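Asks: One letter stands for each residue in the lines below.
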Amino acid sequence: EAQVTQNPRYLITVTGKKLTVTCSQNMNHEYMSWYRQDPGLGLRQIYYSMNVEVTDKGDVPEGYKVSRKEKRNFPLILESPSPNQTSLYFCASSLGLAGGPILNEQFFGPGTRLTVL
Amino acid sequence: AQTVTQSQPEMSVQEAETVTLSCTYDTSESDYYLFWYKQPPSRQMILVIRQEAYKQQNATENRFSVNFQKAAKSFSLKISDSQLGDAAMYFCAYEMDSNYQLIWGAGTKLIIKP
Chain U
1 EAQVTQNPRY LITVTGKKLT VTCSQNMNHE YMSWYRQDPG LGLRQIYYSM NVEVTDKGDV
61 PEGYKVSRKE KRNFPLILES PSPNQTSLYF CASSLGLAGG PILNEQFFGP GTRLTVL
Chain C
1001 AQTVTQSQPE MSVQEAETVT LSCTYDTSES DYYLFWYKQP PSRQMILVIR QEAYKQQNAT
1061 ENRFSVNFQK AAKSFSLKIS DSQLGDAAMY FCAYEMDSNY QLIWGAGTKL IIKP
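Chains as they are written, first to last, in this note's numbering: chain U, 1 to 117; chain C, 1001 to 1114.
Bound-form chain U, shown alone (with noise of 0.2 Å):
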């Protein structure tokens, strides 16, 4: 079954501790992306990938950080997680440049809801 997968699902930390969500997918796809939600505000992309070894900053990219050493995978690394990092993240892929236009849709995991305290 072609999916975007996240882990973990839900996590409770304190601030500074370093933290990992993992992203992979199964359908060889170019281009990765890491959004947050926070309520009233829409998604906002953190980082994204255009293809392996290749990332570049979204709109918020402040305290994350992402590597992309392999096509499947993309994590996103929080060095030292503060409470304003609290919030549903949410991995997503599509083919990128391997596709057009109409193929461009971007599959989304399941979303990964973090809480720092």
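It should be emphasised that the hints constitute simulated quantities derived from the structure, not laboratory data.
One or more of the hints may lead you astray.
Below, a sample of chain C positions facing chain U; criterion: calculated Cβ distance under 7 Å [stated by the list, open to error]:
#, residue
1, Tyr1032
2, Pro1040
3, Gln1044
4, Met1045
5, Leu1047
6, Gly1105
Nothing here was measured: the structure is a model prediction, and the numbers come from that model.
All C-beta atoms, glycine included, are put in the ideal place defined by N, C-alpha and C.
Put chain C on the given structure of chain U with help from the hints.
Replies: Just chain C, lined up with the frame of chain U:
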């Protein structure tokens, strides 16, 4: 900078009726794409419908259709014959042709009354 505005935080409609959700956007680009995504209580983001800006014909997917007015920068979603399963948050999103970045509206919560 591109922005997307959904002016209706919440809408309600009687089951089997028709409802229209509004979305406006601001851009100086000529080529772009517009999407409506649905987020049910399960939180999963589900693509409802998409529209290429260079196409004048409005997109349709079964009970879902859009009214795309490029000059007015308006992209409304019409849901016909509303069903209980349509209850969800609906997000309008704009994608630039150049880098696939999605810019999102704040969402509209749709309530279906039985």
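Asks: Next, verify each hint and record whether it holds.
Replies: Hint-by-hint comparison with the structure:
no., hint, verdict
1, Tyr1032, "9 Å, violated"
2, Pro1040, "12 Å, violated"
3, Gln1044, "6 Å, holds"
4, Met1045, "4 Å, holds"
5, Leu1047, "5 Å, holds"
6, Gly1105, "5 Å, holds"
Violated hints, in rising order: 1, 2; the structure is consistent with all others.
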